[in-house]
Each structure stands twice: as C-alpha cells, then as structure tokens.
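Order-wise, the sequence lines are chains A and B.
Residues in the first sequence are numbered from 1 upward in steps of one, following our numbering.
Residues in the second sequence are numbered from 1 upward in steps of one, following our numbering.
There may be inaccurate statements among the hints.
[Unchecked claim] Pairwise CB distance ranges (calculated):
no. : chain 1 : residue 1 : chain 2 : residue 2 : range
1   : A       : L109      : B       : L125      : 28 to 38 Å
2   : B       : M88       : A       : D102      : 21 to 31 Å
3   : B       : Q209      : A       : G173      : 45 to 55 Å
4   : B       : A54       : A       : K140      : 54 to 64 Å
5   : A       : Q94       : B       : M88       : 14 to 24 Å
6   : B       : P136      : A       : N74       : 54 to 64 Å
7   : B       : A231      : A       : P120      : 28 to 38 Å
8   : A       : S169      : B       : A54       : 25 to 35 Å
9   : B       : M88       : A       : H172      : 17 to 27 Å
10  : B       : Q209      : A       : S169      : 55 to 65 Å
11  : B       : F211      : A       : H172      : 15 to 25 Å
12  : A       : T167      : B       : L191      : 38 to 48 Å
13  : B       : D8        : A       : Y108      : 37 to 47 Å
14  : B       : Q209      : A       : N74       : 47 to 57 Å
Since the hints were made in silico from the structure, they are not lab data.
Virtual Cβ for every residue (Gly too), placed ideally from N, Cα, C.
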Amino acid sequence: MNKLRVATTSLAGCFGCHTSLLDIDERLFELLKLIEFDRSPLTDIKHCGPCDIGIIEGGICNAENVAVLREFRNNCKVLIAIGSCAVTGGLPAQRNHLDLGDCLSEVYLTEPGTMHGLIPNDPELPLPLDKVHPIHEVVKVDYFIPGCPPSADAIWKFLTDLIAGRTPSLGHGLIKYD
Amino acid sequence: MSETFLLDGEDIPFEPGQTVMQAALAAGHYIPHLCYHPEFKPHGSCKVCTVKIAGRYATSCTAPAQAGLDVASDTDEVNELRRTLVQMLFAEGNHFCPSCEKSGNCVLQALGYDLGVMTAGFRHLFPDRPVDASHPDILLDFNRCILCELCVRASCEVDGKCVFALAGRGITKHLIVNAESGRLADTEVELTDKALAVCPVGAILIKRQGFAVPIGERRYDLSPISAQALADAPRPPSGSQPCPSCEDEA
Numbered sequence: 001m002n003k004l005r006v007a008t009t010s011l012a013g014c015f016g017c018h019t020s021l022l023d024i025d026e027r028l029f030e031l032l033k034l035i036e037f038d039r040s041p042l043t044d045i046k047h048c049g050p051c052d053i054g055i056i057e058g059g060i061c062n063a064e065n066v067a068v069l070r071e072f073r074n075n076c077k078v079l080i081a082i083g084s085c086a087v088t089g090g091l092p093a094q095r096n097h098l099d100l101g102d103c104l105s106e107v108y109l110t111e112p113g114t115m116h117g118l119i120p121n122d123p124e125l126p127l128p129l130d131k132v133h134p135i136h137e138v139v140k141v142d143y144f145i146p147g148c149p150p151s152a153d154a155i156w157k158f159l160t161d162l163i164a165g166r167t168p169s170l171g172h173g174l175i176k177y178d
Numbered sequence: 001m002s003e004t005f006l007l008d009g010e011d012i013p014f015e016p017g018q019t020v021m022q023a024a025l026a027a028g029h030y031i032p033h034l035c036y037h038p039e040f041k042p043h044g045s046c047k048v049c050t051v052k053i054a055g056r057y058a059t060s061c062t063a064p065a066q067a068g069l070d071v072a073s074d075t076d077e078v079n080e081l082r083r084t085l086v087q088m089l090f091a092e093g094n095h096f097c098p099s100c101e102k103s104g105n106c107v108l109q110a111l112g113y114d115l116g117v118m119t120a121g122f123r124h125l126f127p128d129r130p131v132d133a134s135h136p137d138i139l140l141d142f143n144r145c146i147l148c149e150l151c152v153r154a155s156c157e158v159d160g161k162c163v164f165a166l167a168g169r170g171i172t173k174h175l176i177v178n179a180e181s182g183r184l185a186d187t188e189v190e191l192t193d194k195a196l197a198v199c200p201v202g203a204i205l206i207k208r209q210g211f212a213v214p215i216g217e218r219r220y221d222l223s224p225i226s227a228q229a230l231a232d233a234p235r236p237p238s239g240s241q242p243c244p245s246c247e248d249e250a
C-alpha cells in the first residue's frame with residue numbers, strides 16, 4: 001500500500017497542537033508505516049505539494065496565513081482544522097473586539113518602555129488582518145478536531161479512524177474544547 | 001395505572017400536569033436540554049429540548065404530556081437541529097473554553113461534547129461585552145451569557161430579589177442587573193443566592209475558587225451530561241412564591 005502523504009502547518013498557533021501530535025510517542029512508528037510527511041515543521045519542506053491529508057493548526061491573523069491556507073486547500077484532498085485556534089480563532093482572536101490600530105499603538109508606541117518606538121513596517125513582515133478568523137471562514141474545511149490542544153489520544157483516534165476509512169468519531173473524554 | 005405516551009417507540013408513563021420532559025426524565029429517558037431546570041418553571045427559550053410530536057416540532061419542556069402522543073427525540077434529524085442550536089450559541093457569544101474557569105462544569109460545553117459538536121460552523125460574531133467585576137466576590141462575564149434566564153428565575157422565585165433580568169430584543173438582548181448604576185456591586189446579591197449556583201455557563205462566577213477542582217476532575221470530565229441529567233431528574237417544581245416586586249407589578 002502506498003503511504004498517504006500528509007502536510008501540516010501552524011498558522012496563528014503556538015505549535016502546541018504539533019507538540020500534542022508528537023505526544024502519541026511510540027505510536028509515531030506505527031503512524032509512519034501508514035503516512036509520509038510533505039510540508040511540515042517536522043520536514044522543513046517550504047511548500048505543500050499534492051497531498052492526501054492537510055492538517056492546519058492555528059487561525060488566520062495575517063496575509064501570509066491566508067496564502068499558506070489556500071496552498072494547503074489547493075493541494076490536499078482532505079483538510080483538517082486542529083485545535084481551538086484553527087477551529088474558533090482561539091487565543092489570537094481575543095483581540096477581535098479591539099481596534100487593530102489601537103493594539104499596535106499600545107504595544108509599540110504608548111506602553112511604558114516604548115520611548116521612540118515605531119510600528120514595524122518591514123516589507124518582509126506579513127500584514128496583520130483587521131480580525132483573526134477560524135480557518136473555515138476562509139476555505140472549505142473537511143474535519144475539525146477541537147481542543148487546546150487536542151490530546152495525543154484524540155489525535156491518534158481521529159487519524160487512525162480517517163486512515164482506516166472510518167468516519168472519525170472521538171466520543172466522551174476525547175472531545176474537549178479546552 | 002397511569003396513562004402513557006410514546007417516546008422513540010417506548011411507552012412513557014406520566015401523571016396529569018407533567019410535561020413531556022418531566023415524564024421522560026422521571027422514566028429514565030434523557031432529552032437534551034439547556035434552559036430547562038427541574039427546580040424551575042419551564043422557559044422554552046433555548047429550543048435544545050425540541051422533539052417532533054406528530055410531525056411538528058415542539059419544546060418538550062413546555063409540551064404537556066398527553067395519552068397517545070408519538071414523540072421522536074433521539075433521531076438524526078432532531079439531533080442535527082440541536083447541534084445547530086448549540087453551534088449558534090457558541091458563535092454568538094465569546095465562549096473561549098481554554099481560558100474559562102467553568103470548563104468541565106459547563107452545561108453548554110457538555111452538551112456540545114455529547115452532541116458531537118466539533119466546530120461552531122457559523123461565522124463567529126466576537127461581540128464586545130465588557131465584564132462586571134465590581135462585586136468583591138462575584139464576577140459577571142457577559143461574554144458567556146446564553147440568555148437562559150435561569151439566574152433571572154432563581155433570583156425571583158427562590159431568592160426573592162429579582163437581581164437579574166433580560167433587556168433588549170433579538171440580537172441586542174442582554175443580561176442586566178437590578179441597580180441604578182447597572183453594577184452588580186450595587187444590588188442585593190449575596191454569595192448564598194441560588195441565582196449564582198444555577199448558571200449553566202461561566203457567566204456568573206464566584207471569585208477565588210475557579211480552580212479549586214482541577215481541570216480533568218470536573219463534573220462532565222467524569223461522565224457525559226446525558227448520564228448525569230437523569231441523576232438530577234425527578235424533582236417537583238419549587239412551589240415558592242414570586243418576590244414582592246413581581247407581585248406589585250402583577
């Protein structure tokens with residue numbers, strides 16, 4: 001059997017969901033008999049090629065996040081939102097009731113210790129979006145795994161269900177929003 | 001022998017005056033619900049307890065039990081409706097579970113788990129709702145309020161104070177407190193009030209005890225809400241009197 005090709009990325013996330021994926025521990029060996037990684041922080045491949053499964057951690061907070069998310073959607077047959085940030089916007093979205101200009105001014109200009117500060121405007125920095133969005137507001141998402149982060153057992157159950165061709169189902173104790 | 005109606009094909013006995021919900025719970029059959037509480041008058045606003053009776057949707061917490069009813073509750077169609085209602089509640093407020101003290105004890109969250117809600121689905125509104133931290137011992141976080149009116153009912157019917165009320169209409173509907181300043185600190189609320197204990201979400205929190213029970217050992221960590229609702233079930237509605245200010249209005 002050909003291995004399934006899997007790409008992963010962290011957008012406006014903290015890599016906690018990737019860490020939780022690694023927490024499946026020795027089951028990683030079993031997983032690697034079934035899948036191989038394309039673009040991922042684990043491979044350092046820079047762009048996503050044609051894949052069976054794309055796993056997105058983190059929400060959308062800037063223009064680069066949008067570009068990467070669209071690259072994944074265009075290349076992955078199945079797209080999974082993993083973790084509270086990808087599913088709901090999460091922690092970064094807690095700025096959504098504030099004005100972005102006010103946030104930047106306070107952090108870079110008016111806070112104590114920011115004398116002569118300036119708002120970063122290097123062209124290499126992706127432009128922040130006005131609001132932070134969960135990824136389903138930007139592209140079609142096939143599956144959601146909530147949790148901050150989802151437990152290793154939840155990720156394992158979900159992926160093994162999916163790879164085996166079953167409808168993924170977490171059930172009590174594995175489905176968590178916190 | 002009492003009369004019966006059918007719930008998902010099973011005979012449910014009932015006493016005259018019982019609702020479909022009361023009879024079902026008393027007979028050990030769970031119907032998902034959110035604003036219904038066995039100790040208070042049914043409110044019928046959250047619609048999570050919707051069932052199909054003779055092809056029509058009805059809230060089981062307010063529908064009177066009648067002999068011969070054919071009630072459908074645990075069906076794909078009805079559960080999909082309940083899932084959508086829970087999703088809309090999550091999208092409408094700011095329900096950020098990872099930072100909420102109520103996580104694990106929250107009825108909204110537990111319903112989401114039990115119904116298999118994996119995403120809010122809709123566009124999140126991210127409303128701007130400042131908290132009321134004016135009271136030294138009680139935090140009022142409007143971000144998490146789902147307008148179930150349980151605190152409103154408890155404060156009037158049990159505490160006899162009417163500290164809480166809902167104001168506004170439609171999407172602008174919101175919880176208010178009974179003080180000229182609009183601040184909880186200026187009301188008659190006390191730590192022993194039933195209104196505080198009955199909040200199903202993290203809108204009303206007692207300060208400085210949020211993490212006395214660690215995450216992972218909380219109520220709905222132990223078993224799903226469907227299993228626990230039955231344990232709480234057959235209690236008669238409280239026969240208490242409305243508070244004096246309500247009677248004055250009447």
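Results for each hint:
| no. | hint | verdict |
| --- | --- | --- |
| 1 | A:L109 with B:L125: 28 to 38 Å | holds (30 Å) |
| 2 | B:M88 with A:D102: 21 to 31 Å | holds (30 Å) |
| 3 | B:Q209 with A:G173: 45 to 55 Å | violated (25 Å) |
| 4 | B:A54 with A:K140: 54 to 64 Å | violated (38 Å) |
| 5 | A:Q94 with B:M88: 14 to 24 Å | holds (21 Å) |
| 6 | B:P136 with A:N74: 54 to 64 Å | holds (55 Å) |
| 7 | B:A231 with A:P120: 28 to 38 Å | violated (56 Å) |
| 8 | A:S169 with B:A54: 25 to 35 Å | holds (32 Å) |
| 9 | B:M88 with A:H172: 17 to 27 Å | holds (23 Å) |
| 10 | B:Q209 with A:S169: 55 to 65 Å | violated (35 Å) |
| 11 | B:F211 with A:H172: 15 to 25 Å | holds (22 Å) |
| 12 | A:T167 with B:L191: 38 to 48 Å | holds (47 Å) |
| 13 | B:D8 with A:Y108: 37 to 47 Å | violated (60 Å) |
| 14 | B:Q209 with A:N74: 47 to 57 Å | holds (50 Å) |
When held up to the earlier numbered hints, the structure conflicts with 3, 4, 7, 10, 13 and fits the remainder.
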